[in-house]
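Could you build the full structure based on these sequences and the hints that come with them?
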Amino acid sequence: MMPTSEQPRNAVDPEQRLDYSAAPERVPLRWPGGARVALWVAPNIEHYEYLPQKIRVRDPWPRMPHPDILGYGLRDYGNRVGVWRLMELFDRYRLPVTVSLSMAVLDMYPDIAEAMLLRDWEFMSHGLYNTRYHWGLDEDDERAAIAQCQDIHRAFVGRGLPGWFSPAASNTLRTPDLVAEAGIAYLCDLYHDDQPTPIRVRSGELFSLPYSMEINDSIAWRRGQEAAAFAQKICDEFDVLYAEGATHGKVMNIAVHPFIMGQPHRIDHLARALEYVLSHSGVWCATGSAIVDHYREHCREHCRDHHRALPQALPAATAVSRGPGDPEP
Numbered sequence: 001m002m003p004t005s006e007q008p009r010n011a012v013d014p015e016q017r018l019d020y021s022a023a024p025e026r027v028p029l030r031w032p033g034g035a036r037v038a039l040w041v042a043p044n045i046e047h048y049e050y051l052p053q054k055i056r057v058r059d060p061w062p063r064m065p066h067p068d069i070l071g072y073g074l075r076d077y078g079n080r081v082g083v084w085r086l087m088e089l090f091d092r093y094r095l096p097v098t099v100s101l102s103m104a105v106l107d108m109y110p111d112i113a114e115a116m117l118l119r120d121w122e123f124m125s126h127g128l129y130n131t132r133y134h135w136g137l138d139e140d141d142e143r144a145a146i147a148q149c150q151d152i153h154r155a156f157v158g159r160g161l162p163g164w165f166s167p168a169a170s171n172t173l174r175t176p177d178l179v180a181e182a183g184i185a186y187l188c189d190l191y192h193d194d195q196p197t198p199i200r201v202r203s204g205e206l207f208s209l210p211y212s213m214e215i216n217d218s219i220a221w222r223r224g225q226e227a228a229a230f231a232q233k234i235c236d237e238f239d240v241l242y243a244e245g246a247t248h249g250k251v252m253n254i255a256v257h258p259f260i261m262g263q264p265h266r267i268d269h270l271a272r273a274l275e276y277v278l279s280h281s282g283v284w285c286a287t288g289s290a291i292v293d294h295y296r297e298h299c300r301e302h303c304r305d306h307h308r309a310l311p312q313a314l315p316a317a318t319a320v321s322r323g324p325g326d327p328e329p
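With our numbering, the residue at position 253 of the sequence shown is 253, and numbering never jumps.
The hints are simulated quantities; they were obtained by calculation from the structure and are not laboratory data.
No experiment lies behind these values; they were computed from the predicted model shown.
All residues carry an ideal CB built from backbone N, CA and C; glycine is no exception.
Take the hints with a grain of salt, since some may be wrong.
With a straight-line cut-off of 20 Å between C-alpha atoms, the simulated EDC-like cross-links for lysine to aspartate or glutamate are [claimed, not checked]: (1) 233 / 244; (2) 233 / 275; (3) 233 / 214; (4) 233 / 193; (5) 233 / 268.
What follows is a list of derived Cβ distance ranges for each label pair [claimed, not checked]: (6) 34 / 74: 36 to 46 Å; (7) 240 / 92: 18 to 28 Å; (8) 30 / 69: 48 to 58 Å; (9) 108 / 244: 36 to 46 Å; (10) 33 / 240: 14 to 24 Å; (11) 268 / 118: 18 to 28 Å; (12) 111 / 16: 39 to 49 Å; (13) 268 / 239: 18 to 28 Å; (14) 228 / 280: 19 to 29 Å.
Listed below in structure tokens is the structure:
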């Protein structure tokens, strides 16, 4: 069992951030053009350090004593080869893309950076490296880590980050507050709903954008699931959300990794799943920002449903993280 941290005074639990809202009782959520499903595709384009500087709660290379040449090489394949297959596939379907990005990629892999910028892909920060976990960071250090990612994004894109997904999902109890404080609009560290959700934070405004740990090739890969089964899971997920979306608009996320779905024996399975989803009318393909912007501007009544029971203000949080879960998305 992974170690866990005790919850200190003034910790801000999810119960304080998110009101319970029963899905059937909500005000119907409507997407542009009457779409049933807002689809956003999130390739995780990451860098893993060969020899991480510091390992806190979890070892990023647990298979064997460092260095793990096989584990590193597989991920390096993603940035050398797999990412280009994904780009070609997304180009084929003219998909808007929101990259879950290790921000160091922009400096370390200029060819990838140029190709993403040329395509006008949106970047949400996935931390600096996917081996620099945020568990155990104090507030100042976590704030500085978020600011570093903001600075890199501004230097390359000319504006602030739109979204945040903690590296390897290593969020702390204060992450939502610090992300909102940094002026970031949406957070992907919560996996609790099929619709956007407002998050109560110390100051500012923050929305949870549904990111999937189910339609996620990393989780499927760790479970030994074949690519054909993963592609079928995409179709099955879509069928249910599409049916429900006739009355309550839903969000569907497809999270992939170049070193997994970018493999030659997997890429065509992903293509067939996308072909199936996009063959339906009423699918709004969007970036994370577009979904959140529409929700903020047009769905205030739906938004209020989520805040009925929440306190009006949160305490100044001094919490450290709980223990990590098992996925490394």
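query = When the hints from earlier in the document are held up against this structure, which numbers fail?
reply = Nothing - there is no hint that the structure violates, so all of them hold.
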